[in-house]
Structure formats: C-alpha cells, structure tokens
Amino acid sequence: MSRIIHKEQLSKDVFLMRLEAPLIAEERKAGQFIILQTDEDLGERIPLTIADADEDEGSITIIFQVVGKSTNDLSHLNKGDDIPVLVGPLGMPTHIENFGTVVCVGGGIGVAPLHPIAQALKKAGNKVITIIGARNKDLIILEDKMKEIADEFIVCTDDGSYGRKALVTEPLKEICKREEKPNMAIAIGPPVMMKFCAETTRPYEVFTQVSLNTIMVDGTGMCGGCRVNVGGEVKFVCVDGPEFDGHKVDFDNMMMRLNSYKDFEKKKAHECNLELEVAKKEAEL
Amino acid sequence: MSHENPETIADQAREWLAEYIVKKDDLKPKDRLAIPSQEMPAQDPIERGKNLDEVALGFTMEQARLEALRCLQCKKNTCVDDCPVAIDIPGFIKHIADGDMQAAADTIKESSLLPSICGRVCPQETQCQEHCKVGMALKDIDKGVGIGRLERFVADWERATGNIRVPEVKPATGKKVAVVGSGPAGLVVAADVRREGHDVTIFEAFHKMGGVMRYGIPEFRLPNEIIDQEIDTLNKMGVKFQTNYVVGRTRKLTDLIDKDGFDAVFVGTGAGLPYFMGIEGENLVGVFSANEYLTRANLMKAFDKKESNTPIYESKKVAVLGGGNVAMDAARMALRLGAEKVYVVYRRTEKEMPARNEEIEHAKEEGIEFHFLRNPKRILGTEDGRVKAMEVLKYELGEPDDSGRRRPVVIEGSEFMMEVDTVLVSIGNGSNPLISQTTPDMSVNKWGNIKVDEKQKSSINKIYAGGDIVLGAATVILAMGEGRRAAKAINEQLANELAVQSN
Ligand SMILES: Cc1cc2nc3c(=O)[nH]c(=O)nc-3n(C[C@H](O)[C@H](O)[C@H](O)COP(=O)(O)OP(=O)(O)OC[C@H]3O[C@@H](n4cnc5c(N)ncnc54)[C@H](O)[C@@H]3O)c2cc1C
Ligand code: FES
Chain A
895 MSRIIHKEQL
905 SKDVFLMRLE
915 APLIAEERKA
925 GQFIILQTDE
935 DLGERIPLTI
945 ADADEDEGSI
955 TIIFQVVGKS
965 TNDLSHLNKG
975 DDIPVLVGPL
985 GMPTHIENFG
995 TVVCVGGGIG
1005 VAPLHPIAQA
1015 LKKAGNKVIT
1025 IIGARNKDLI
1035 ILEDKMKEIA
1045 DEFIVCTDDG
1055 SYGRKALVTE
1065 PLKEICKREE
1075 KPNMAIAIGP
1085 PVMMKFCAET
1095 TRPYEVFTQV
1105 SLNTIMVDGT
1115 GMCGGCRVNV
1125 GGEVKFVCVD
1135 GPEFDGHKVD
1145 FDNMMMRLNS
1155 YKDFEKKKAH
1165 ECNLELEVAK
1175 KEAEL
Chain B
15 MSHENPETIA
25 DQAREWLAEY
35 IVKKDDLKPK
45 DRLAIPSQEM
55 PAQDPIERGK
65 NLDEVALGFT
75 MEQARLEALR
85 CLQCKKNTCV
95 DDCPVAIDIP
105 GFIKHIADGD
115 MQAAADTIKE
125 SSLLPSICGR
135 VCPQETQCQE
145 HCKVGMALKD
155 IDKGVGIGRL
165 ERFVADWERA
175 TGNIRVPEVK
185 PATGKKVAVV
195 GSGPAGLVVA
205 ADVRREGHDV
215 TIFEAFHKMG
225 GVMRYGIPEF
235 RLPNEIIDQE
245 IDTLNKMGVK
255 FQTNYVVGRT
265 RKLTDLIDKD
275 GFDAVFVGTG
285 AGLPYFMGIE
295 GENLVGVFSA
305 NEYLTRANLM
315 KAFDKKESNT
325 PIYESKKVAV
335 LGGGNVAMDA
345 ARMALRLGAE
355 KVYVVYRRTE
365 KEMPARNEEI
375 EHAKEEGIEF
385 HFLRNPKRIL
395 GTEDGRVKAM
405 EVLKYELGEP
415 DDSGRRRPVV
425 IEGSEFMMEV
435 DTVLVSIGNG
445 SNPLISQTTP
455 DMSVNKWGNI
465 KVDEKQKSSI
475 NKIYAGGDIV
485 LGAATVILAM
495 GEGRRAAKAI
505 NEQLANELAV
515 QSN
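Line by line, the protein sequences are chains A and B. The working numbering applies: residue 895 is where the first sequence begins, and numbers increase by one. The working numbering applies: residue 15 is where the second sequence begins, and numbers increase by one.
Hints in this document: simulated from the structure, not taken from any laboratory. Where is the CB? At the ideal position from N, CA and C, for every residue including glycine. Treat the hints loosely; a few may be bogus.
[To be verified] Each computed DSBU-like pair below joins lysine-lysine, with the alpha-carbon atoms no more than 35 Å apart:
{"hint": "1", "chain 1": "A", "residue 1": "1089", "chain 2": "A", "residue 2": "1162"}
{"hint": "2", "chain 1": "A", "residue 1": "901", "chain 2": "B", "residue 2": "273"}
{"hint": "3", "chain 1": "B", "residue 1": "469", "chain 2": "A", "residue 2": "973"}
[To be verified] Quick partial rundown of chain B residues pointing at chain A, CB under 10 Å, derived from the structure:
{"hint": "4", "residue": "55"}
{"hint": "5", "residue": "257"}
{"hint": "6", "residue": "263"}
{"hint": "7", "residue": "431"}
{"hint": "8", "residue": "447"}
Start from the sequences and build out the full structure, keeping to the hints where you can.
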C-alpha cells in the first residue's frame, strides 16, 4: 500500500503523483518502472515508469496519461488516498556511462521516463542534446526540468502551437547529419514515434535505445504477456528490458499486440462515460 | 468414466456401507476387494462449463468410510514409499474406516501441512496410488484405494468443523527468517520454521499469497477459500506477510541478510519464463502462454468480465498446446470463459499425457476435444495481426527412445489447417530469472535452476532454496517436500547459532 502525498495536473489528461514508497525510492535506478493497481481485487495492473525519486522523503514520482478505465480511476485518486498495490522497481536499469554526445528524444508523456535518464547521462559527463515534442502546446510536459539538464534543447509540436512546427524526427535527422554525429540516441514516447526515430537514425548508424511499454501482467518474467520480437528473438520486456536496441525491435508487431484488448477497452471507456453522464445528471438534479 | 448423478452415488454408498460396516473388523482381503470403488461425485458437466465452482464435490461420509474399508492395511506399505512426504497412509485410512475423523486428520498432519490442497491436486496415480495392492489386484490403477480423495475428505471434514488446530509455536528465539515466494514450498518452510519460535516473514511479489495455487490452478479445481484458510493458519501462528515485494528488485537477496538482519533466507520463487514453440506466428494477437491466460482469469479476476478491469481475450475456437495439468486448466478455463470449441493439441498420445487422470476425464466430459499425435507448424493471422488458423502436422509413434517411450515422428506432407482464433501455449516453463539476474554469486544450472545440496542449501551461506525454482516445473507435493527439508536445515542452522550464543 502506498499513500499519495502530492498530485498535480500537468495538462488535460496528464497527471503527476508523488507516492510514499521508501524502499522503491532507495533501490530504483533510471529506466526502471513500477506496477500499480487501484483496486486489490478487481484492478488492472498498470506499469508506469518511475519519473523521479526522493530518497530523503521516501517517495517516487509517476506521471501518467489517462488513456482508459484504469488510468482514469487512478486520476480520480487524491492526495492522502492510498494506492493498494504498488510494486517495484522493476526492469533493468538503463546502462549509464560517458558515451560522449547523446540525443535524448521524448514524445508526449515519454518525456517523464526520459527525464531521469537524461539526468543520469548528464551526471556521467555526457553532452546531452534534448528534443521534446508533443501534438500541441498543452501536451508538452517537464519543459523546464529538461531544459535545465540539456546542453542543447529543442521543443517541437505537430501543430506548431509551440516551438518548432515539426515531428521530433526532423531535428533528430539534422543532428545525425552533423559533422560530429552523436554517439547515441535515446527515444521514449509513443510506439510510432520510437519506430520512426529508429528509422531516422538507422542510415547514420547511430545506436538508438528505446523504452518499450508493452502490455504486462506480473512484471517478473512469469507470464510472457510482455514479449516482443527483438532481432528475431523473443524477449520479455519486464525482465530483459524495458530498454532495447531500437534498430532491432519489431515495432509493427508490438503495436498490433498493444491493441489486443481494444474492444474491451472501448467497452470499459463507454461504461465509464455512461457513469460520468449519470453522475452529471444526478448532480444537475 | 461417465458422469453419475451425485445423489445416486450417495444413496448407493449409504446402502453398501450399511452392509459392510457391521462386519468391518472381520473383512477378509477378498471381501475388501469386492467393495465397489467409489467414484468422485462431480458437478453436472454441462452446468459446470459455465461456472467457476469446484467440479469435484468430494466424498460423502458414507463414501469415505466405504472407500477406506477397501484398504488392505498392507504390512509392506508401498503407498507410503511413493509419497514425497511419507504420510502414514494405511494409518489415516484405518481411522476413517473406524469413523474417527479427528484422528485421521491428526495422522495426516504429522507429515503434510496442506492436505486439503494435496488431496485435490497431487498426481496420486503416479505416486501413492500407483502401487496400491488393491489397484494391482483389480488390474486398474484407477480402482486402487482413492487415497487422495480420502485425504481431501478428511481435510474438508476438519475445515467444516470450524476448529482447525493451529500448530503450537515455541517461545521466541530472536532469530529472523525470510521466505521468498508464497507457493507451497514457501508456506511449508514458514510453518516449520515458525513452529520452532523463529520470527518468519514471507515476501511475495504478487498482491495475494499462494503462488501458483492462487494464480495458476483455477477455482474449479482448487477454491481460493482453501488457500485463504492455510494462509490464515500461518497468520495465527504469527507469520508475517509482505506482499508486493520483489526480492532481487525491491531489495537484493543478500541485503535481506546484510542490511535487514535476517539470519536465514529460503528462496521458493517457482517456475517462470514460459516456453514458446519458436514457430511462425507465435507473436500474433491471440497467442498467449497458459500462465498469462490463467493469471488474468484467476488472480486478476477477468472471469468476472463485468466487474474486473483486467481484460481477457474473447475466443470462439481455442487450441491449447500441451498435455499437462496447465494445459487442462487452460482448456477448461477457455471453455468457461465462453469458447465454443476447445481443442487440446498434443504431440504424443493420451498415455503419455502428464496431466492427472481425473483432469483429463473431466475435460473430456466437458466436451473438450483431444487431438493426439498432432503438433503445430505455424500460426496464421489476419491483416490486423490476429490469429485465424493454425497449420498442424500429424505424427506417428516411431521406435522407442532411450527411456523406452515410443518417440513421435512427423508424417511428412501431413499438414492440415485448423481454424482457431486463440492459441494457448502450455509446453512448460524455464526458471524464474529474477533472483539469478540480481544475485551474481548464486550458482544455477544451465536451465537457470538454483543449485542446492542435499539440505537444500544454495551456494550462498544462509540461503536455501526449494520447489520449482530448484526442480524446474514440478508438483505441489514435491515443492512441499523440499520445503520440509529446507526448514529442517534452517532450524538446525539456527539452533547451532543459538547454542554458540548461549555458551
Ligand atoms: C496451471 C497450473 C496447474 C498446476 N496443476 C498442478 C496439479 O494439479 N498438481 C500439482 O502437484 N502441481 C500442479 N502444478 C504445479 C505446481 O503448482 C507447482 O509445482 C508448485 O506450485 C511449485 O511451488 P513453489 O512453491 O516452488 O512455487 P510457486 O507456487 O510457483 O510460487 C512461487 C511464488 O513466488 C513468487 N515470487 C517469484 N519471484 C519472486 C521474487 N523475486 N520475490 C518475491 N516473490 C517472488 C511468485 O509470485 C509466486 O507466488 C500446476 C501449475 C500450474 C501453473
Ligand atoms: S509481464 Fe509477465 S512476463 Fe513480463
């Protein structure tokens, strides 16, 4: 069980929470994630990357976007409420060393897990070039925090409502073309974005690490629900990952698998909208 | 075996018992062999395909006593030799025949901690019952004394009385033991070590206790209430539980000793990493490991489609690959979740199936189709990556291999298509990688199973291991047996340390 000690809405559907979790705060490293449930009996297991941790306070920070019934339930919890199931830190930590120059690309909510990695890379002596992007201005998160640790910083939006009007792959390509091409790239965001980042860097042979957010159940290597195809081999994201060589990941298969339960999700979303409407009607009466 | 109405079975047993009980002390072996072997009453096959309630209903008192009268009380009790925890089988059965159920319960508990579970899930036909002289005389293992069913009867009887005896705990010793994993191995270690007065904490990765018994074996075979009961007994003994705690990640295994002050640790983390076939189409949407499918349905309650937030794949035609208990559970769960057709596809023949006989019979009664000597070649998908069919190869039995079993050989060109929308893979498990991944000093074999000595001690001082993480995917009773042995070694280690301290 873990208490919510802080909650903040970052944009329309994006929330930040600080959770009491002293053991996880002590052990976690950049790149790792937690799994939580908002109901011990009937809740779904939601994997979320650890965005930050404060060992002194004994807390971890999660940032999540409401995408379905379970994340919606989570967003309705408030400061002082308890999250009945919280387990972690899970997954392999990011391998951090001084690689030289690293481009960190974050899309949408993916900026949250990118932040601790960029921070650790900076601390290890890397030159950090950061590109963050989102569909529009409202969906840009953690801009200041990312800027603070970047040697070079680029913001872009799909619709041009903020920063450069471009997809993140555009500046990424320019950077790869530079005389001093980067030693490595890290891309975290929606699967399509990671796929195209990997495609962008491939011709320049810039090693590109991606962080995969597959469907998960246990998170300890027992069920195989999180499996992905990496370089023709089956890998389990929860124990072998979540980070993999983006040039080897079969993104198309992964994206199909992410849609396994879309009908169920639609139905739950529908039910939850109905409930909201009923609640609204009741409030009106 | 065909399905008999439970009431008919009960009435028959009542009549027969009345006839035999009056002469119970004068029965000759010949008379005992003549007593009809008792069938397990079960829920109606069609009805039970729609619910999660337990299929096997358990013997009535009359059935139990009648079945107990069939035991020859052999001097040379081979049944006990084949029980991994050496229960005094003739002893407890004699008590049932005499009508002293408490004595029967106490006799079993001397050796086994979880009789209501073992009575339900042990593979009796390859253990105690395999060498039962009654079955041998009648030339049918299934006609041997129903030892497991009697064990279950006694345990259920005790539970129904409402006063399960909580084992006595000796005064506190000040020693602390950590148990990692709450499967049968871990639970047994916790009980046996706690009895000696040591402080015990069980660390479990999931939010609920019980291991595979909770997340894998379905309710229709092992109701949750029985596991709850066992956990409750441990709770009353003062065992502490720490759920949502992944040893290796939340805390390093060795830190439990170095930082948290535990004097010994038992690792019972079970099997892990389900195997896949390595064939084309295996990552299509609609292909699941049986582990995932069952965990969703059981632990995450996806069976309750309305209330649970965990989704489960909607299937019409399901192929289950494999022939073990896990395959039977997955097949029968798919049926209960609404599949119209469920096929079990197995490479060998029925004789080689590792599943318990009772489960195979029950699955057949429920309408599950078995396809023996068949193995998939590839899985085909629709445009959006969903399973639509499976290409299957036929096999025949060839020459016997080293173990004497006739090896299945593929028939070239025998490919045919099976229309399915879901494939559940249940061909076994590798080892759980977490502990070895995060504990560099731990010696494991080439399959990743933890290496232990004859006392279950690992390569690291004060750390013991047992159950599936040592044996590979095995059984509940073998896990318990290893737990027993580990607990004994841990208790010895701690007793020695205490002796040194007081000198
Ligand atoms: C579907 C199914 C049906 C089966 N049917 C039968 C049957 O009919 N008869 C039979 O005898 N056997 C059966 N088995 C096998 C039997 O269940 C296992 O052999 C037995 O449960 C093994 O016990 P265990 O204590 O070693 O581990 P498990 O029961 O596997 O328990 C291990 C526990 O450790 C936890 N864990 C893992 N890693 C960590 C970690 N790092 N930190 C903390 N906790 C951790 C897991 O979450 C789990 O709860 C079946 C198995 C399955 C999957
Ligand atoms: S989530 Fe189950 S194996 Fe990874």
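Checking each numbered hint in turn, tell me which of them this model violates, lowest number first. 3, 4 and 7
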